[in-house]
Amino acid sequence: MQNIKKTWIPYLLIAPSVIFLALLFLLPLIQTIWLAVSEGGAPSLANLRTMAGDLNFRLAIRNTFLLALAVVPVQIVIALAMGSMVAKVDGGRETILWVWTIPLGISDLAAGLLWLSILQNSGYLNSLLFSFGLIERQANWLSYQTPIALFFAIAVAEIWRGTAIVMVIIVAGLNQVPKEFREAAEVFGAGPWTRFFRITLPLIKPALQSALILRTVLAFEVFAVVYALGGTNMPVLVGEAYTWQNQNQNYGVAAAYAVLIMVISLAATLVYLKAVRVDPERLP
Amino acid sequence: MKRSLFIGLLTASSLFAGTLARAETIFLSTQLRPIEEATAVRNVILKDLPAPVEYVVEEPPQFAVRMEAERQAGKHTISLVGALHGELSPIAAKDGFVPLDDLAEKLQGKGMPKALLDLGKLGKDKQQYIPWMQATYVMAANKQALQYLPQGADIDKLTYDQLIEWGRKMQEETGQPRIGFPAGPKGLMARYFQGYFYPSFTGGVVRPFKSLDAAKGWESFKQLWAVVNPNSTNYNFMQEPLLADEVWVAWDHIARLKEAVTAQPDQYVIFPAPAGPKGRGYMPVVAGLAIPQGAPDEPGAKTVIEHLTRPETQILTAQNVGFFPTVDAKLPSDIDPGIAMLAAGVDATQHAQDAVISLLPVGLGDRGGEFNKVYMDTFQRVVIRGEPVADVLNEQAAALSKLMGDAKAPCWAPDAASQGACPVE
Amino acid sequence: MTAAQPSNFGSARKMLLWSGIAALCAWVLVPIYLVALGAFGGRSGVYQWPKSILPTGISLEPFLLFLRTEGVAGAFLNSLGAAAVTVVLSVLIGAPAGYALARYDFRGKDSFRLLVLLTRAFPLAILALPLTVSFIRIGLYDTVIGVGLVHTILALPFAALVTQGIFMGVPRELEEAAWVFGCSRPQAFFRIVAPLALPGLAATAVFAFVISWNEVFAASVLTVRNRTLTAYLLTVLSESPLHYRFAGGLLLILPSVIFIFAVRRYLFAIWGISSK
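Protein chains in written order, with UniProt numbering: chain A, 1 to 284; chain B, 1 to 425; chain C, 1 to 276.
Simulated from the structure, these hints should not be mistaken for laboratory data.
For each residue, glycine too, the CB sits at the ideal point set by N, CA and C.
Keep in mind that a hint or two might mislead.
To give a feel for the contact side, a few chain C residues facing chain B, derived at Cβ under 10 Å [unchecked claim]: (1) T132; (2) F135; (3) V224.
Under the rule of at most 30 Å between Cα atoms (straight-line distance), these lysine-lysine pairs were calculated in the DSSO-like manner [stated by the list, open to error]: (4) B:K143 - B:K157; (5) B:K186 - B:K143; (6) B:K278 - B:K106; (7) A:K179 - A:K205; (8) A:K274 - C:K109; (9) B:K402 - B:K126; (10) B:K402 - B:K94; (11) C:K14 - A:K205; (12) B:K278 - B:K186; (13) C:K109 - A:K205; (14) C:K14 - A:K88; (15) B:K94 - B:K126; (16) B:K114 - B:K94; (17) B:K402 - B:K222; (18) C:K14 - A:K179.
Chain A extracted, bound-state conformation:
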């Protein structure tokens, strides 16, 4: 189907982005990686050792993984629910989708501020609980003494902020499923759940794969919302990188954390590429 003769065309097309990324991304990236594995100009594992020996290192890894595990599946489920709901609506579809997409445009800075106004001690959640008589005084949700509530609060804020991107990808994928498929399945008497698992889900696999990869990579970079809500009560990897760079001003250890995050993200991506196999023949 493809025109194999002109093999130089794709290279010409990707050349600008390769050059751009090489100059502005790969070059500083290599400098950073070198920073992580050297000390005073000579190769050294000192930075990596400092990182691994740090008080917060294990905690940060654990929290980052737990958060990704808690947040990503919920986001996928909510996005699938949004997608199936909106498919049944005729009027007002665009407006509903617009509302659901709004968090996409909200920076993590603003999102952190927003959830802080709700969850802080004199915030709206406590006000609401208080007016219903459920609590007698301001309850703490974000302190180190309530790690579970804090984890939950951060997860909720992340779900709020990050679901939109998954939803956009999945709705686009669902749009792709030809109506005839489902109608045919209905004719053959398949129930709604069977239809969903047997017809829809396999067909939106490519969309699901992109959504999973993108969201997981972003989940490993979670930082601003955690920082806004919990400060350093719940260490995460990017937060540690940021602290080492800015508070401790040790760029080497910060670079080591950054490299670690990149390795984890790439590993997760490879896992998804293998696990959620997309059959090229299935692609339109």
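Based on the hints, put chains B and C in the right spot on chain A.
Below, chains B and C without anything else, positioned relative to chain A:
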């Protein structure tokens, strides 16, 4: 069409870039960032200068990255920087500043205290920065808290035992822990341990880090922490929980209490931090002015420094932003009542009979952040995670000892002077 | 779709559907409403306890005061400039790559895809130092173009992956037919493919715009005087009283909400294939 749009953008952006060529002195500061304060600097404090100065503010992290980048690249846009002692120290460690000994001499002649000026040497031979403004840390209490003050306690001569007692009483009577500390990620809690806790309990900062006195101190701090609001590890600026009534008694930098005190001067009292067995530790804070090596407008920057350290300007600064003069200058009596209260609190702290002055770390260079980390990690492990005090102190002492050795930093007050790097005993 | 089912069963299901939709809409909107309350509530509102969920005692004053602050207008223009550079560059560079990914099989395709993804897998803030040093050397420091270039690194992966989806959605047969009728490849692209892909490209542009608009750290390290709005707000806001911060937060949220509204029609064409 897209092409032409792009070219249009390029020209538009080069116009933006062209504005850089304007000959103006750029003054970059990590202090006085909030809108009202920055506006006061631009419109009041820097108004009378002959040549225009552009006052730009920056958060400390970005400040550090920018200064390092300009130094590495060897091209400079900034002529003058204003920042805290600890923020200037890493840059001076890399010889990033123009020596200012001539200015220092002039100012000493005009009555700037020698001890203060020497801080500006940052442990080097030459003057690295000129002290610009000073401040310290005090305690603030909501007047509602005063009724729970233990019997016989004088608020200006509070001890740690009384503070614990006070906190316990408030918690029992109001059902909520009412003491707060700024132990959040942007809070200044590390300075509490270095300038208040350690000097008060051990009479030193580095030398007695793992001494028996220190261990006792941590035990009593654990008792105190039991009556401290657990949200403290989220607080960065105590003015907010004070205004929100979450906290009634708080320790913080005066600039970070100012909002509460000036908003409701009738509602609060200001008093010195408590005393421990070895006295009442306190730490002065100094913001300094320095000129980066390679600054595009060095003479202009020097003019600005001279202007900012004039007594009239220093009084203007105190009136507008609540930092206190580094030169000999009397504050006028018609000053904002909130600022007057803070000034009185600072005065009471400085002149307390049992005061133990603790200087800012000197000679740590770019390891200042890791120095803070030692104290905060100790706090995390001992108080928050409840690990055994002796073990934690031993492990952290090793880290501290290595750090001091790497930085080759000699002891500073209140630790006794040392030959070579300051030892952890 | 449920004409065959009994009508009361159908309406119960409809109720369920609409209450689900309403709940999810509320889930998105209520937090934004609350931050707006904070922004308009002024100093006393922020520290009030218990807080009222109803808009009482609100005024435009804090928000207006915020807008009048020196530098906001200039920063707003800089933000627009940086976002424009980002949009133009990421579409110009990203779209050809997306087309190549959609239409060709070539050696190194997977490595290229990985390279693109890598940019998202690395916390950009850590690259700020080396990037700033090189920008100072080549004179891009403190310029809107420099900020736009860095934001393009962030927007490029989206642009490439998204346009890949768009071009996959334009039937290959149409293009091949054009070749048969004597169009050269570029002609076929601009006459046949580009018009069909235009809505999707518009959405890509908005994506790039939003990414640039919201980025803080690189923008504030790379500029001294030509601050973008987010960078400017960050330095001004961090120590300001809470109601100012809420006002600033709202100011950051509003433009994105409006941009997304403007392109809601195209948004779902992005990741694939417009609805049939």
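Checked hints:
1. For T132 (chain C), the shortest C-beta to C-beta distance to chain B is roughly 4 Å, which falls under 10 Å, so the interface hint holds.
2. The beta carbon of F135 (chain C) comes within 8 Å of a beta carbon in chain B, closer than 10 Å, and the hint placing it at the interface holds.
3. Satisfaction of the interface hint for V224 (chain C) is found here, the shortest Cβ-Cβ separation to chain B being roughly 6 Å, below the 10 Å cut-off.
4. For the hint linking K143 (chain B) to K157 (chain B), the alpha-carbon distance of about 17 Å falls within 30 Å, and the restraint holds.
5. Under the criterion of a C-alpha separation no larger than 30 Å, the hint pairing K186 (chain B) with K143 (chain B) is consistent with the structure, at around 27 Å.
6. With a CA separation close to 38 Å, the supplied pair K278 (chain B) and K106 (chain B) exceeds the 30 Å bound.
7. For a cut-off of 30 Å, the pair hint linking K179 (chain A) to K205 (chain A) stands: about 17 Å separates their Cα positions.
8. Taking the CA atoms of K274 (chain A) and K109 (chain C), the gap is about 17 Å. The hint holds against a cut of 30 Å.
9. Under the criterion of a C-alpha separation no larger than 30 Å, the hint pairing K402 (chain B) with K126 (chain B) is consistent with the structure, at around 27 Å.
10. With a CA separation close to 20 Å, the supplied pair K402 (chain B) and K94 (chain B) stays within the 30 Å bound.
11. The suggested pairing of K14 (chain C) with K205 (chain A) holds, with an alpha-carbon distance near 28 Å, which does not exceed 30 Å.
12. Between the alpha carbons of K278 (chain B) and K186 (chain B) the distance comes to roughly 29 Å, so the proposed pair stays at or under 30 Å and holds.
13. A distance of roughly 20 Å separates the Cα atoms of K109 (chain C) and K205 (chain A); the hinted pair therefore holds under the 30 Å criterion.
14. Distance check on the hinted pair: K14 (chain C) and K88 (chain A) sit about 9 Å apart at the alpha-carbon level, within 30 Å; holds.
15. For the hint linking K94 (chain B) to K126 (chain B), the alpha-carbon distance of about 13 Å falls within 30 Å, and the restraint holds.
16. With a CA separation close to 25 Å, the supplied pair K114 (chain B) and K94 (chain B) stays within the 30 Å bound.
17. Distance check on the hinted pair: K402 (chain B) and K222 (chain B) sit about 27 Å apart at the alpha-carbon level, within 30 Å; holds.
18. Of the supplied pair hints, the one linking K14 (chain C) and K179 (chain A) holds, its CA atoms being roughly 20 Å apart against a limit of 30 Å.
Comparing the model with each numbered hint stated earlier shows that hint 6 is the single one that does not hold.
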